[in-house]
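> If you're matching them up, the sequences are chains A and B in order.
According to our numbering, the first sequence is numbered sequentially starting from 1.
According to our numbering, the second sequence is numbered sequentially starting from 1001.
By construction, these hints were calculated from the structure, which means they are not laboratory data.
Be a bit skeptical, because a hint or two may be false.
Below are the DSS-like pairs computed for lysine-lysine, each with C-alpha atoms no more than 27 Å apart in a straight line [as the list claims (entries may be wrong)]:
(1) Lys-1343(B) <-> Lys-1021(B)
(2) Lys-335(A) <-> Lys-1178(B)
(3) Lys-1178(B) <-> Lys-1144(B)
(4) Lys-1335(B) <-> Lys-335(A)
(5) Lys-1347(B) <-> Lys-1144(B)
(6) Lys-1347(B) <-> Lys-1178(B)
(7) Lys-257(A) <-> Lys-21(A)
(8) Lys-1335(B) <-> Lys-343(A)
(9) Lys-213(A) <-> Lys-176(A)
This structure is a prediction, so every number in the text was calculated from the model and none was measured.
Number of protein chains: 2
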Amino acid sequence: MMYAVIMAGGSGTRLWPQSRKDRPKQFHSLTSDRSLLQETVARLEPAIDADHLYTIANKSHVKPIREQLGWLPESHVIGEPSARNTAPAVGITAVILQHKDPDAIMLVLPADHFIARAEEFRRILNTAEAVIRDDEFLMTIGIKPTYAETGYGYIEIAAEYKEIGEDQVFWVKSFKEKPDMETAQKYVASWRYVWNSGMFAWKASTILKAFEKHAPDIYEGLVRFRDALGTAKEAEVLKEVYRRFPNISVDYAILEKAENVLVAPADIGWSDIGSWSALHELLSFDGQTNVVRGRHVGIDTYNCLIHGGARLVATVGLDNMIIVDTDDVLLVVPKGRSQDVKKLLDKLQRQGRTEYL
Amino acid sequence: MMYAVIMAGGSGTRLWPQSRKDRPKQFHSLTSDRSLLQETVARLEPAIDADHLYTIANKSHVKPIREQLGWLPESHVIGEPSARNTAPAVGITAVILQHKDPDAIMLVLPADHFIARAEEFRRILNTAEAVIRDDEFLMTIGIKPTYAETGYGYIEIAAEYKEIGEDQVFWVKSFKEKPDMETAQKYVASWRYVWNSGMFAWKASTILKAFEKHAPDIYEGLVRFRDALGTAKEAEVLKEVYRRFPNISVDYAILEKAENVLVAPADIGWSDIGSWSALHELLSFDGQTNVVRGRHVGIDTYNCLIHGGARLVATVGLDNMIIVDTDDVLLVVPKGRSQDVKKLLDKLQRQGRTEYL
Chain A
1 MMYAVIMAGG SGTRLWPQSR KDRPKQFHSL TSDRSLLQET VARLEPAIDA DHLYTIANKS
61 HVKPIREQLG WLPESHVIGE PSARNTAPAV GITAVILQHK DPDAIMLVLP ADHFIARAEE
121 FRRILNTAEA VIRDDEFLMT IGIKPTYAET GYGYIEIAAE YKEIGEDQVF WVKSFKEKPD
181 METAQKYVAS WRYVWNSGMF AWKASTILKA FEKHAPDIYE GLVRFRDALG TAKEAEVLKE
241 VYRRFPNISV DYAILEKAEN VLVAPADIGW SDIGSWSALH ELLSFDGQTN VVRGRHVGID
301 TYNCLIHGGA RLVATVGLDN MIIVDTDDVL LVVPKGRSQD VKKLLDKLQR QGRTEYL
Chain B
1001 MMYAVIMAGG SGTRLWPQSR KDRPKQFHSL TSDRSLLQET VARLEPAIDA DHLYTIANKS
1061 HVKPIREQLG WLPESHVIGE PSARNTAPAV GITAVILQHK DPDAIMLVLP ADHFIARAEE
1121 FRRILNTAEA VIRDDEFLMT IGIKPTYAET GYGYIEIAAE YKEIGEDQVF WVKSFKEKPD
1181 METAQKYVAS WRYVWNSGMF AWKASTILKA FEKHAPDIYE GLVRFRDALG TAKEAEVLKE
1241 VYRRFPNISV DYAILEKAEN VLVAPADIGW SDIGSWSALH ELLSFDGQTN VVRGRHVGID
1301 TYNCLIHGGA RLVATVGLDN MIIVDTDDVL LVVPKGRSQD VKKLLDKLQR QGRTEYL
């Protein structure tokens, strides 16, 4: 059976001040009335039901997850005792799923992304499932790039491929870190690179074998946790093995080393909503120049993202400006500088004004 | 004796959203911890005490005046039954003062201006008093212009002057409406023009004679009010004569027509704080590039006015921007467009969103 594991641990710092430490991006309604987490779940329906849905996030985020997915069984919301990136989270959920269903296929999906074409997305998931149902492959979902983005990692595809229905699924040649602009432009022009979306599919048994081979230090903890599963010591052992887990992504710990990694290139209107500027881009279709949430009055205001709350935002003579108005913080930044929101957080941290983080 | 009459009826629309219909500019703390009204009063001390201080404003503003000048006798806060500009307000207070003291000298002072050099200001008031103590002159305080401002009216001075101590006090040749830039530049270069500050000094008896001669329609109402003063019908008659008063400034109704108008040129660091940009200019001394009230964190933020409330204002990559953050409205406008705040109010009015005015 297919299970979805939603990785809800992102921090979303570049969407500050809406996204906050205690309530990051995935718990906010940015693209619709539902939160990004709720959208991620809704996008899977009807393929995945409550019994086949798991989430994992830092323990401090268990509460907002329960609020937003109230119908999910308590045991399906896994709280990480400490922050350790995606490799340990994938390993722990793989252990849980395999314990429940030895043939479990797991989809790994970030909670805080946007996908415009949900139907096409589900079609790609079916393709991925078909690839791994009878074979020991590690599938990644690659996004066909639409421009030279320097904020994403890239996957280089090999010449070999499998045909699955109408889709071609390629062997992965290499993973590339976020490139500079020149390199990104070469990648996009070559048609041999796709964006690494952080979405994966594999059998729980396959990824656990990969941990054993490529990340034996993590695998040792996973075995200890497996042995404690369902016993009174489960929570205590989870805490203990987490303390020793390295802080490492599944890409780096496993996928870059494994030989059996495939990629399904997808054209699904995907964005990681990595900045306010990115949110503006994905919401400003239909020739709309301003994207407004909340109340606004403007004179000569063009190409602005106004993400407000209860108050009236009044603007005169602005172009390409982002205004984000929350209960306790107001942000004003030109679109071209929206990546630098992170610098504000660094500054606040240095100043000890942690109540705003 | 000298009396001060503070005209507290301004609407201050260009300082929206801090300045609001029910609580305009003069009731707000913009330049210090005290409101502009309180600053205007404090600036007169010790020359004027509570017994010699009067205020007049629309009746809807009587409450904030009483709140801010709690020590002022109730009868010294005059509420206008309807909005009629400065001529009727000057006439009515002249009647009240003359009734109390036939030799009353009245200073007429707007409540919402800024004066950097209070001591020099008081010296000029003494000069003005000396001019009118024994003569029937109408004195205006003119401001020596420091740049070609197109937002002020100008007073053209004549060649004839009187010497009063170290000051020269000139006959007025003409009053000029707000000029275009070219004209303003000529005015300033000529050394024959000063800004019309809206500050005046005259004996109550002198200005009433001027009303009789130059504005007989208003004078007729003033006489009716004088006859009702101290009777049970006073409030009713005030309401009735106000309804018939024309909506006209004292400059236009009297000063532009009278022959006995003098002007005392003053160099007192004056500003009418006519826009957020003007407020920024007058507060940004000492090479300070940003003027901040409230909490702020910024990266690459220069020459900005950040007039905040309780919340944190966070900015990246802004230059010459004005941000005004109030409880229910947030304004973002480049400095060069701050005059256009009025257009926002017009738009809100047209949209029927009067709760924001």
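> Against each hint, give a clear statement of whether it holds in the structure.
Cross-check of the supplied hints:
The hinted pair formed by Lys-1343(B) and Lys-1021(B) meets the criterion: a straight-line CA distance of about 15 Å does not exceed 27 Å. With a CA separation close to 38 Å, the supplied pair Lys-335(A) and Lys-1178(B) exceeds the 27 Å bound. Annotation: proposed proximity of Lys-1178(B) to Lys-1144(B) holds, straight-line Cα distance about 15 Å (limit 27 Å). Of the supplied pair hints, the one linking Lys-1335(B) and Lys-335(A) holds, its CA atoms being roughly 19 Å apart against a limit of 27 Å.
For the given pair, Lys-1347(B) sits about 36 Å from Lys-1144(B) by alpha-carbon distance, which is inconsistent with the 27 Å threshold. Our distance criterion of 27 Å between C-alpha atoms is met by Lys-1347(B) and Lys-1178(B), whose separation comes to about 24 Å. A hinted pair counts as satisfied when its Cα atoms are at most 27 Å apart, and Lys-257(A) with Lys-21(A) does not qualify at roughly 32 Å. Proposed proximity of Lys-1335(B) and Lys-343(A) is supported: the alpha carbons are some 25 Å apart, at most 27 Å.
Distance check on the hinted pair: Lys-213(A) and Lys-176(A) sit about 22 Å apart at the alpha-carbon level, within 27 Å; holds.
Violated hints, listed in ascending order, are 2, 5 and 7; each of the other numbered hints is respected by the structure.
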